[in-house]
Each structure stands twice: as structure tokens, then as C-alpha cells.
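S.K.: All chains should be built: construct the whole structure from the sequences, respecting the hints.
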Amino acid sequence: MLRNYFKIALRYLSKNKLYSFINIFGLAIGIASFVLIMLYINYEQSYDKFEGSENIYRVYMDYLEGDTFIPGDAQTYNLSGPTLKSEFPEVLDYVRFFYFEKMTFQLDERIFEQPLGSLVDPSYFNIFNYPLLKGEKEKVLSQPYSIVLSKSFAQKLFGNESPLQKTISAFRDGKEAVLTVTGVMDDIPKNAHYRNTFLISYETEKTWTDWGSKAHELNWNANNYYTFIKLDPNTNADVLRQKIIESDIEEDTEEQHNIEPIEDIHLYSNKPYEVSANGSITRVKFLMAIAFIILILSWLNYVNLSVTKSMERAKETGIRKVSGAHKSQLIIQSLFESILLNLIAIMLSLLFVVIVLPLYNGITGKGLNLQLGSLSAFLPYFLFILFGMVAAGLYPALLLSSYSPIKALKGKIQTSSQGLAIRKGLIVAQFLATIVLLIGTIVVTKQISFLESQPIGTDINQVIALKGEVVTTKPDSLLINEYKVLEEELKKLPFVEKIAIAQSYPGDSFDNLSSNRGILLPNGIKQDDKLFYTYHVQPDYFDLVDIEFLAGGTFLPSSNFDGKQVVVNETFLKNMGISSYDEILNKTVGFWGENEWRVTGVIKDYYHFGLKSPLLPMVIRYERDVNNILIKLDASAASVAGFESSIAQIKSEWTKVFPKSTFNYTFLDQKFEAQYQEDKSFGAAFQVFTLLAILIAAMGLFGLTSYTVVQRKKEIGIRKVNGATIPQVLTLLNKDFVKWIGVAFVIAVPISWYVMSQWLEGFAYRTTLSWWVFALAGISALLIALLTVSWQSFNAAVANPVESLRDE
Amino acid sequence: MLLQLRNVFKWVQQGGQRIFLLKDINLEVAEGEFISIMGPSGSGKSTLLNVIGMLDTFDEGEYDFLSESVHTLKEKYRSNLYKEYIGFVFQSYHLLDDLTVEENLEMPLLYKKIKGSERKALVADMLDRFNIVGKKDLFPTQLSGGQQQLVGVARALIGKPKLILADEPTGNLNSQQSEEIMQLFKKLNEEEGVTIIQVTHSEKNAEYGSRIINLLDGRKI
Ligand SMILES: Nc1ncnc2c1ncn2[C@@H]1O[C@H](COP(=O)(O)OP(=O)(O)OP(=O)(O)O)[C@@H](O)[C@H]1O
Ligand SMILES: [Mg+2]
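Going line by line, the protein sequences match chains R and U. Letter 788 of the first sequence, counting from 1, is numbered 788 in the numbering used here, and no numbers are missing. To convert, count from 1 in the second sequence and add 1000; that's the numbering used here.
Treat each hint with caution, since some may be false.
What the hints assert, rightly or not - In silico contact screen, one side only, chain U against chain R (beta carbon under 10 Å); selected entries:
1) Glu1084
2) Phe1090
3) Ser1092
4) Leu1095
5) Gly1116
6) Leu1122
7) Asp1125
No lab work stands behind these hints: they were computed from the structure. From a predicted model like this one, the values you see are computed outputs, not experimental measurements. Backbone N, C-alpha and C fix where the C-beta goes; we use that ideal spot for every residue, glycine too.
M.R.: Given below as C-alpha cells:
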């Protein structure tokens, strides 16, 4: 029986090529899009899951703003962990991290710059249950000057030799520490928010640098540490969170400790001082919605086409009934066909996925794959696809089997008004989905270009930041002189327009900014609860990045570095309640135990982090320091060749001064733009999937009209014989679609208005939902539909009526 | 007694009016009969045939088939009864264009859940009997009208029905082809005892039967 069904189904599919192609292709695109998006979502949801991770929480700080606490800082004090452990029995253990964005290592004569590592407590492996390949988990980090390397870092340093007990030098602010390799851990998976490539024992901090012993003392002053705690599995985390907040371990009314599950960090946390840029749950939800829309769209298509097609097959069904087929047998046969068609589509979609995956990984920057391990997570989606497949097959099957055999044999089926209503409903639903996606794409694109076109209050075009790591045991105070030499040499290069040294710059990461509270204003008021951010630069910085002064100017070189100087911004004045420049200009402010910071200027606000974050209150300090060398290149370096020769010359100057060092540079504008990267790839994904959705809808429409036109061929012929013109026939055939799109549009507008306003909420600066966005989407949908439909109806309209009438 | 209709009425409601398609039909058919139904176009011949064949329902009266009361039977039993005992032949053959001759013959057997090997045997038998072995892999569109109707009859017969219902089986055929089909019916009726009820417009064809029923405006005359 099954074999017979199979044979007939195959024959039917191959005979009706257009129908099969549209159905299979549409479904395959729908399923492939669904699978691709779900792979991505699955991956995003898989972050920081390891054995026991459900009991691991990150401690973070809430800051008081007005009269509510808001998430303030992902980093905590070195006292936070120990205090929590001693005060709350639910807290079984804690681990603290001091994070290095990168570090310079030296092994014999070779110098390595290695990204991402930390100083960590010995309890690390008790909390992060990651595999340790060499060494013992309890011991590897217990002694000062121990280092655990990731497998690939160990490979890079030592090749195939065993690294255990070997020593390497690490440089922190130019200070060398000779570290003994005590262990090798497996590389931390990509789907972890904190991907250390080396771990240095926490005790090393104390003696590594001059100020180490001070920093190492337990205190409530410097919150520079990530703290993770492990809870007793029976703990109710919400209750504990409440207890922690209420107990106020730090005894500071301006801030409080809070906890969040480590598994939630990637999707739900976006605090200052995150280890890495996290994902976003909104994005995940949006993509999930798109995935379902596309999949359902392809099913709607399928149902619609099969229903239309089933009318053609009414006679066949009648014959089968008359030959003794039971209703249930007809349903099963029809379902069998639809399942076969779906299976072919699934196969094809998997092929699509496999082909597209590398490209898709390139866009999303994730290491997605179709490995079996993730299939269990896919089970619900798989069941959903299965369910949809059966549901989509069931309706045409039921419809088909319900035809009365006498009517079916007489070919009297077309006139079912109920079936027609359902088909209209399906088409409206398809257009609805298409228009919603179109509006979404337009809004996302508009928002991104809004962000990019917004003035950021600074000009970082053609500016590069040099930051090599210099391997030296010289103290910074001496190194500064070498920097001075380098600066002078670089200035002589013809293409160097301006040069300045700065600790941070627009587009930089949060790490180089320090957040503070408790500034003493010139009027004698100490603002204990107001945050401000600070970094330090040298006088030429403002001119180089073209930040405008509203009052005063840059630091005075004449002061010869004994007097402390700062520049503040507009937002700082606003937040501190200072209404005129005179109240602060050339007066002094106090923080960090130093009350003589002279304010030499007030700058116009600029965006340090792009428009995703609000403007920050800034206090920019003058400090001579070895840090990023910012270079503004002139137009001659704008071309690729010009730039390459320029950078080669810069590098050669650098290595002349610092022979033992690495050399690195970044374009500021690229780094700045990179902050929109996730939004851009989201926008790109949105666009691609919208296009695919439109393709599916258009294909469906194409298939549908090809049948309507066939069905109405005789009508068209008769009308033409009686004098109807081609435009009249076209209007006749197309006006229904216009009506349906109108209905879909009216429903789509409020839905997408609501949804897209929600999405825009996530941005500090957002574009408007102008009327033309909706109009553009509606008109595009209309055009696409009309083009698709007209393709078919035009042929019918221009056909010689005699031909079509003879066919009958 | 194969079947019996007693005071059967069928009507449709049109504009508040009852239009009778069948009016007070009484009919007894014994096993082995060969009956021709005649009457002008629109007189209800097809309707009557469909009612007898259980493809259509009626509104009043009683219908017994092999001592089962069809009018009280549930749909499921009715269709089993139908499947078991009745075969249909149509004017326009109604073969499935997507299936070969062989597959068309096999189809009713599939719905009777007959095993593969037995199906093959039955189909081969039928092909043989109707002399169409050479055509078994052709599709209906590749056959002449007469050949198609031959297949139609063979399909109706393959389930070994007691009753064959034929609605103008020769309506689309030329006289020679008609003759052939009629001979076939006669042979089936005489040699195998299959009961046949056919609708026809042709006096000549009607002669093949043993009894003629005349209809006019849904009424037996
Ligand atoms: N569903 C229906 N609704 C209304 N009238 C119907 C319906 N079905 C059949 N009729 C009418 O019933 C009458 C009998 O139809 P039937 O098909 O039985 O005629 P017939 O005798 O087979 O005619 P022909 O020789 O042309 O095939 C016709 O007048 C037809 O219009
Ligand atoms: Mg008739």
C-alpha cells in the first residue's frame, strides 16, 4: 500500500513540475531559514553552560541613581567574594578575576602578545568545571607566580613539548614576573562570555607591581574584580539575592551588591565593564519571531497551493471513492504525499544549510555547526516542524476527502465558497507577514544609518592608535622619555599630521575608563552619589580628535606636570548641577584624595562609546604616561598603498626605539563602527531573511495565480470575445490581490509599529517611525505582488480568446 | 433478492420549493438480472443509479441491499457494503490519468486491503480476460475510447462485485465499440451471473437487458 502511495506521489510530483518546484523550494527555503536562525539562537542560548553552571552566579554592583538602584558595574571589590562567603552559608565558594585584555609574554628571545587572561583565585576550577588537561585542579593556582595555559596558547609557546614546570615572563605595566607553568587547560569554548587563555594565580598580584601590595589588601575602594560565587544547589537564588541586597555588606548607601546567573550573562547583561560584548535577548526574540514567520509563511504557501491544486484533483478523488476508497484511506494518501514532499524539502533545506553555513558563520561570527550534540536541543523545533508538516498536509487532505464523489466526478468543486474564504485568509496572512518583515527591515536599516550618520562630536577619521607592548623592566618614568623620542621621530614623518598620547579614545573599550563617585566641586559640595568617568590624555589629544572647547582650553604645558589638571564635559556640568562655566573654569575639583585638580576647560559632549550608550559625564585628566599613541594621518595615507607605506615607516620608527616589543595599531573609526557590528549583522540577517520570506510569498503567489488563470481561462476568453480590453482583463484578475494587500497592510501597520517601537527602546538614540516607512513597505509589497501576478495574468489577458475557448 | 427500493423519494430544495428528482420509486432486482434504465435527459436516470450505488442519498423511502437496510446503515458500513458488492462504469470512463492500465486495475484492490501477491494475480487475470495484457503499461490517454472503457469495465469487475452499475457506458463510443462492450456485459451476466443495471439512450443497447425501466420526471412509468 505504502509503496503504491509512494509511487503515485512521486509520479504526481514529477508530472506537476511547477507546483512541485514551488512547493518544495518554498518549503526548503522556509525550513532552511528556520534551521539557520534556530542554530544561531540555540548557540546564543548555550553560553556558559557547563557541569554545575546552574549554581554559578556573578556578583555585580547596583548604583543608586535618583532613588532607585540600577545595574552599575559588572566588576566588584576584592572583598565582595570573601564577605559573601563568610556571611551567607548558601555561598559555598567564590572566585575573583582581575582581567587583562592582553598581556605580553617573553619566552627566551620570543615575544608574544596574548589576548584575554586573568589573575584568579585558586578556587577557579572548583567553580568553573572546565577540563584541566595537565596538573591538578586543586593545586595549579595555589602558589604565587603560577600560570595555567590554554591548550592552544601552550601549543603556541612550547609546541609539542610538555610545558609543565617551564617558566615564562609576563609583563604588567613593564614589570616582569617569571611564571611557572603548573597546568594546561582545555581551550574555553567559544560560547562562554569569559574566555581566558591563561590564568595566573591571584597571589601573584601582591608582589608583581609596586602598587600590587596596596591593591591586594582587602578593601571596599577599588571594584576592579569579577566575582563569581557557587551556591548550594538547594538555594533559592531570588531569596538569597534579596538577603544580599538587604544585608548591605559593604555598608554603603550609594551602591549595593547583586547577583545574576552566569548562564544569563550573555543574553541579559549589558553593564559597564563587561568582559566582552554580549548578545542580546531582544535580538534573539526578534530572530526567533522571524524564523517562525518564515516557516509558517512557507506552510501557508504550501496549504494554499495544495488546496488550489486539490480542486484539480477532485475528479481523481471521486474516482478513487467510487473505486471503494475509504475517507480515511484518502486522507492518509494525501498526507503521505504531503509528508513526502516535506521530506524532500527538508532534505533540500539541510543541503542549503550545509552550503550556506560557512558564509553564515562569517556573518554572525559564530562557530555554528550541525553536529549531533546540538540535536537534542533541536528536538522541540524538529517536533514543531513535524507538527506543522502534518497540519499543513491535513487541511488539503480533509478538504479533498470530503468532496462528494458525484460532484467531484462532475467537476463541480471550484465553487466552494468556504474554501475560497480560507484561501483569501491565507493570502492575507502571507502578505501580512511579508509587510511586517518589510517594515522591520526598513526600520532596522533606518536606525543603523541613523546611528552612523549622527554627529559624534569628534573627528576620528584617519586616526590610528599605536599600542605595542614594550618588553622592558624600566619603570614607566624612564620609559616616558623613550616615548618622547618616538613621538618626536614620528612627528618628522611627512604624512603624520598630528600626534598625541592618550589612555582612551572614542570607540575604545570600557576598560580604560574608570568610574568614580564622590567629586568635590568648587562650591564645596561633595557629590557622593553622582557618577563620573575619567581617563587621562596629553594636551594635544583634544585637537587631534577634534573635540570642541566651549570654554577654556586644553591643559597648560607650562605647569610642568606638578599641578594636576582636568577637562570636563557638558554632561558632567549638567549632572553636577553646574549652570555656568564660571562656576568651574579655572577652579579646582577634588577626587582620589587630591583636592587640587584645576579645570582648564569645558568640552562639548562627544560620544565615547557610540550612540548605543548615553553621554557620559567625563573628567579627562592630564597625565604623562606610556600609552596609546594616536596619530592623525594626512590625505596621502588615505590610499591603500599610501597607508601601507606609512604604516611601514611608523613601524620602523617604533622598532628603532623599542627593539624588544610587539607592534599594533587600530583605526579609531573602525573600532568605533565595530560597536554597531552586532546591530549591523542583525540588520543584514533581517534583510536576508526578509528577502527570503518575500521570495517564498512571491513564489506562492506565482503558483496560485497560475491556477486561477487556468481556471478562469474560459471566462477571460468569453469576456474578450465580448469586447473586454487587455487592461480590463488585467484589472479583473489583479483587483482581488490589491484588495487583499490592503487588508494585510491595515493589520500590519499597528503590529509592526508596536513591535518596532519596542526594538527601538533598546537604543539610547533612536530614529523615528516615520509614516513613509510604512508606506514604502506597503507599496513594495503591492508592487511585488502585482508584478508576480501580472506575469501570469498578462499572458492570459493577451492570449487569443479563440484558443482558450477551443480548449474547453 | 439482490436489492429492493420501496417508495423512494429524493428532492432538492430550490427557492422554497421542493423539486423532486426521484418520485416514489419501487424497484426489485433479483440476482442475475440485466436491467436497462431509459428515459429522456434529466429524467433522473443517473440519480437513480447513484442512489442504488450508494453514492447518493435519498430523502424518503426504504432501500434494502442483500437484506441490509441501507437507509439505516452508518456511512462506514454502507461503504463497506459498496466496496464489497458494487462496481461502477462511467460514460467518460473516469480512469486515473496518472496511473497505467495495470495500476488503474489494481487501485480498487488496494482499498480492499488485498495482499500484493493476490493483487498481482487478480490484475493479471483481468488483463488476460480482457485481452489487454499488451496495454498494461500504457496510460489511459494512450488508449482509444473503446479500450479505455474496457479498462473501466475491468476495473469495475476486479473486486468480484455482485452488481455492476453502468451510466451510459457506451455514450462516448462508436457503434462497433458499443457493440463490444454490450457483448461483454451480456457474457458477464450470462456466464458469471453478475447483475447489471445500465443507463442507456439506445434502444439497441437496451435490448441486451432482460428488463427495461422507463423514467420520466423522476417517476417510473
Ligand atoms: N444537486 C442537484 N440540484 C438540483 N437539481 C439537480 C441536482 N442533481 C440533479 N438535478 C436535476 O435532477 C434531474 C435529474 O438529473 P439526472 O442527472 O439524474 O438526469 P439523467 O436522467 O441522468 O439525464 P441525462 O440523460 O442527461 O444524463 C435533472 O433535471 C437535474 O437538473
Ligand atoms: Mg445521466
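S.K.: If a hint holds in the structure, say so; if it doesn't, say that too.
M.R.: Outcome of the hint check:
1. Glu1084: holds, 8 Å
2. Phe1090: Constraint on Phe1090/U satisfied, holds at 7 Å.
3. Ser1092: With Cβ-Cβ at 8 Å, under 10 Å, it holds.
4. Leu1095: holds, 7 Å
5. Gly1116: Check passed: Cβ of Gly1116/U comes within 8 Å of chain R, closer than 10 Å.
6. Leu1122: Leu1122/U check fails; min Cβ-Cβ to chain R is 14 Å, beyond 10 Å.
7. Asp1125: violated, 18 Å
When each numbered hint is compared with the structure, violations occur for hints 6, 7.
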